[in-house]
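Chemist: Listed below, chain by chain, are the residues.
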Amino acid sequence: MIERTTNQKAWWLVLPVLVLVAFNAIIPLMTVVNYSVQETFGDNVFFWEGVTWYTEVLHSPRFHEALGRQLMFTFQILAIEIPLGVIVALAMPRKGILVSVCLVLMALPLLIPWNVVGAMWNIFALPDIGLLGRTINAMGIDYNFTQQPGAAWATVVLMDVWHWTSLVVLLAYAGLRSIPDAFYQAAHIDGASGWQIFRYIQLPKMKRVLTIAVLLRFMDSFMIYTEPFVLTGGGPGNATTFLSIDLVKIALGQFDLGPAAAMSLIYFMIILLLSWIFYTVMMRDEDQK
Amino acid sequence: MFSWMAWTWPTVAFFVFIGVALTTMVIWETRSPGGAPRRGVFGIDTTRGDRLFISLLGAAYIFLGWLGLFGVPLWGGLIISIAWTLFVFRFV
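Keeping their order, the protein sequence lines are chains G and S. Using the working numbering, the letters of the first sequence map in sequence onto residues 21 to 309. Using the working numbering, the letters of the second sequence map in sequence onto residues 7 to 98.
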């Protein structure tokens, strides 16, 4: 009988990752915790403030408004991108050369750097020279995203949908491709309608990838910064000032490092909780299979 | 060396507490293995580590909630957090 030797040496293989995570995540996070209970005017001099900044942030209308905008934005883009991504994935061809063409076209927006996307849409949507802005105005609709809060909001949502629906499409398409033909053949023999095939075969098979898509899009959209910053700068007024933009304004614009640290930790807690809920729901569904 | 991290004694104590909690979990699991997932009152499978995470995350929200509603001192939040932790480790 072969005697199996057990030891814990494999843990050493984890060490490099642990060191990397410590330096790029844990130590900075610990520093933020330290900053959140102090006040500083620079020069590495700090004054103890206790939980003052947390109280201030929790009672701040500015924080509540930014959080509200953030939640609204995330909800809207999820409500658009997930169904739209599924519809596009269902419409994509399953065989032939068009598959590659569609996949490349779908991947293109994902390959463009975020600040470039913001700059592109900024020019694209300008009412005087942009193709989108001029077209909308030519149709008789008064549109100027640099001055109208509603127009700015719609442009940011549209930009995100353009940029990220592809991710949902690719994930949903991967889910669809994993369904064996036998399922469709059985459905046709049973005389199932297109809706029944979608409801009872395609959607359940896509459930796992769609959960991942929702989780990824939730986290990304909840932390969105670059694109709206380049497109609108958070304006007009505060119309598109999301949590991350507000955070940067407080930390770097006003140099209020203490309140910014407290706000970033509260922001982090919200993302951590919601991500954990998504993850738990996802894993529970997996366990039940 | 770490002065740029702007340490204070309360934050040192906080991180020492987290470190002690993690170390205790390791010792507990080594001495008395039993960290296999179980299903509790929330209907989710949790290991001991998961329960520690849920306790800490919940405690953070309890303290924030207490701070938002009642302000300082935070003793009430602390008592609720301890009760929450006991509940999580026993029933979740």
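Keep in mind that the hints were calculated from the coordinates and are not lab data. Model, not experiment: these values are computed from the prediction. We put the CB at the ideal spot given by N, CA and C, even for glycine. Hints may be right or wrong, so weigh each one.
Stated by the list, open to error - Residues of chain S clear of chain G, computed beta-carbon distances all greater than 12 Å: (1) M11; (2) I24; (3) M31; (4) R45; (5) I50; (6) L75; (7) I86; (8) T91; (9) L92; (10) F95; (11) R96.
As the list claims (entries may be wrong) - Beta-carbon label-pair distances, calculated as ranges: (12) L118/G x M31/S: 48 to 58 Å; (13) F23/S x G170/G: 41 to 51 Å; (14) I33/S x P113/G: 26 to 36 Å; (15) F93/S x G211/G: 22 to 32 Å; (16) A27/S x A202/G: 22 to 32 Å; (17) M92/G x I24/S: 50 to 60 Å; (18) A206/G x M31/S: 17 to 27 Å; (19) A174/G x G71/S: 30 to 40 Å; (20) M31/S x Y245/G: 27 to 37 Å; (21) I24/S x G88/G: 24 to 34 Å; (22) I33/S x A174/G: 15 to 25 Å; (23) Y299/G x F23/S: 22 to 32 Å.
Chemist: Compare the structure with each hint and give your call.
Modeler: Evaluation of the provided hints:
1. M11: Incorrect as stated: the minimum Cβ-Cβ distance to chain G is 5 Å, not above 12 Å.
2. I24: violated, 10 Å
3. M31: holds, 16 Å
4. R45: violated, 9 Å
5. I50: Violated: least Cβ distance 6 Å, not greater than 12 Å.
6. L75: violated, 9 Å
7. I86: holds, 16 Å
8. T91: Non-interface label stands for T91/S: nearest chain G Cβ at 17 Å, farther than 12 Å.
9. L92: holds, 20 Å
10. F95: holds, 17 Å
11. R96: holds, 19 Å
12. L118/G x M31/S: 48 to 58 Å: 54 Å Cβ-Cβ, so the 48 to 58 Å window holds.
13. F23/S x G170/G: 41 to 51 Å: At 48 Å between Cβs, range holds.
14. I33/S x P113/G: 26 to 36 Å: violated, 58 Å
15. F93/S x G211/G: 22 to 32 Å: violated, 53 Å
16. A27/S x A202/G: 22 to 32 Å: Roughly 51 Å apart at Cβ, these two residues miss the hinted range, so it is violated.
17. M92/G x I24/S: 50 to 60 Å: Taking Cβ atoms as reference, M92/G and I24/S lie about 34 Å apart, which means the hint is violated.
18. A206/G x M31/S: 17 to 27 Å: violated, 49 Å
19. A174/G x G71/S: 30 to 40 Å: Since A174/G and G71/S have Cβ atoms about 35 Å apart, the given range 30 to 40 Å holds.
20. M31/S x Y245/G: 27 to 37 Å: holds, 35 Å
21. I24/S x G88/G: 24 to 34 Å: At roughly 32 Å between Cβ atoms, G88/G and I24/S fall inside 24 to 34 Å, so the hint holds.
22. I33/S x A174/G: 15 to 25 Å: Hint violated: Cβ distance 56 Å, outside 15 to 25 Å.
23. Y299/G x F23/S: 22 to 32 Å: holds, 25 Å
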